[in-house]
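Peer 1: Residue 578 is where the sequence shown starts when you use the working numbering, and the numbers rise one by one after that.
Treat the hints as calculated values from the structure; they're not laboratory data.
A virtual CB, placed ideally from N, CA and C, is assigned to each residue, including glycine.
Take these hints with a grain of salt, some might be off.
Said to hold, decoys possible - Here are the computed lysine-lysine pairs in the DSS-like style, where the Cα-Cα straight-line distance is at most 27 Å: (1) Lys1019 to Lys917; (2) Lys917 to Lys650; (3) Lys1019 to Lys750.
Stated by the list, open to error - Quick list of simulated restraints, FRET-style, between CB atoms: (4) Lys810 to Pro993: 28 to 34 Å; (5) Lys723 to Pro825: 36 to 42 Å; (6) Lys723 to Asp1010: 30 to 36 Å; (7) Leu638 to Val828: 26 to 32 Å; (8) Tyr858 to Pro930: 23 to 29 Å.
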Amino acid sequence: MQLTPLLFGLPAHQLLALLPAALLGFVVAKVIYRLFFHPLANVPGPRLAAATWLYEIYYDLVQGGQFVFQLRKLHEKYGPIVRITPDELHVNDPDLIDLVYPSGGKIVHKDPYYTRQFGLDECCCFTPDHHTHRLRRTALNRYFSKQAVSKFELFIRNTAQKLCDALDDYAGKEPVVLSTAFSSFATDIVTEYAFARCYHFLDRPGFQPNLQTAMDALADMIHVLKLAPWMQKLMRAIPSSWLLRMNPGMVDWMQLEEDDRTQIEETRARLEDQKAAKQYYTVFDELLKGSLPDKEKHTQRLFQEALLVVNAGSETTAWSLSVATYYLLSQPATLSKLRKELEGAIASPSELPSLPTLEALPYLNATVTETLRCSYGVACRLGRILPEEPMRLTSEVRTSGSGDHNMNRTFNYVVPPGYPVSMSAVLVHTNPDIFPDPYAFKPERWLDEDGNRARNLDKYLLSFSRGTRQCLGLNLAYAELYICLTAIFRRLGDRLELFETTTEDIRMQRDVFVPRPKHGTKGIRVLVKQL
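Required output: the full structure, derived from the provided sequences and hints.
Peer 2: Set out below in structure tokens:
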């Protein structure tokens, strides 16, 4: 007897009555498959996480960006390799970094589950496909190279001195919110670098308004957008006047978007007009003049690249500067060592040496590196997919045995092609086996016994990710960190004092793609003493 004719012979109301049972049966079958027959079914982890994404949703959406902290607990219970969603494994073994984030000729995709949440599917960073990403990144490599950044160094130095001038204006007055100042500094840098169009946020009273408010609003929605990426399009369909009523802090961001679109078209017209005068060179010139196929040069794609550059190049750098400043001001001995080195190398606070000279200062170099370790880069896990070959994960863990004997336990798993494997900088950077006393700010951990810069721990730094998908803007970020920290602490280091600021204002409490402290923090606030 065939079932199909019987079903279609039933009245509509009876078919509708069967629908809930059919859906329930489908869900049950799906759960059974994921728990017992899925290619990742042999990997340990919570059963709920293996069966459904509700486990992650609870910790990130309901609890507010807490899944990254739950991952640590899962690894403590299940081992270095854990199944954290039906289709994803998470690794907490620093020695597997280069396996999860391979370099060279490996074909590596990003997981669309992560990339789609920003609504920037056509920009280089959030391109899932390896080959398309390679095409788009190649077009930008030269523009963000170390050589290109070196040509921009003078502007960074001048902007750092401008920041110091602005802070000096607060001498003997009310506290200044350095977190906001650093956001304005980083945004002024990246907009000038990418668009030859500095927004001069440092010139505004209190360094506000700037783009920080808009970026914070987007960050707070990130877990909703990850589950419902279609909301990005819905938000863009809302009239500008309505958005401004809901969040007046969006005004500068909306102006940035309008300016970007206008500049793209102006650049396109200028390049087509051979007689047009060349006034400046921007990232749009680089993309439009390059070897990209025409389908990669349409306005919407270039617009997405522009938004990514500003997003990635502002708040992450500002957060790192805030972390460094807090720890240096709260640890007089550490600050004293840094200032002694800077004073010995820099005769005049108003004349900063070249970036290579700063990079060669061991304690400053160690301070910048420790800053990156403690500020993490991005807070969320970053997954990679090998589409054409399995990923073979082998991790060895030492466990306590009977008596004085220790035993090694080996974990071996073969991940089939197409399944994401992720790691988290937050977990790697706070691994006590690699970084003893991991929550302490200790530049000395990056130095050898003679005070020279040691390199043995560099392989465990994930602030800019690793492999073929490493952050494109790392050279610019390094330049900003070295130059800004040098300018501030060579010139104002003995005149800055923390004001009603504690570790709680700088310690990551939630993951909203980027690290964020507790709700309600007023940022890193300082008093500037008079000369």
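Peer 1: Give a verdict on every hint.
Peer 2: Going down the list of hints, with the structure as the test:
1. Between Lys1019 and Lys917 the alpha-carbon distance is near 17 Å, which keeps this suggested pair within the 27 Å criterion.
2. Proximity of Lys917 to Lys650 is assessed by CA-CA distance (about 41 Å); at most 27 Å being required, the pair is judged violated.
3. With a C-alpha separation of about 32 Å, the suggested pairing of Lys1019 with Lys750 is violated against the 27 Å cut-off.
4. Our hint of 28 to 34 Å for Lys810 and Pro993 holds, since their Cβ atoms are close to 33 Å apart.
5. Between Lys723 and Pro825, the C-beta spacing of about 39 Å keeps the proposed range 36 to 42 Å intact.
6. For the pair Lys723 and Asp1010, the beta carbons lie near 32 Å from each other, so the given range of 30 to 36 Å is met.
7. The hint said 26 to 32 Å for the Cβ distance between Leu638 and Val828, and at roughly 29 Å that hint holds.
8. Remark: the range hint 23 to 29 Å for Tyr858 to Pro930 is upheld by a beta-carbon distance near 26 Å.
In the structure shown, a violation is registered for the earlier hints numbered 2 and 3, in ascending order.
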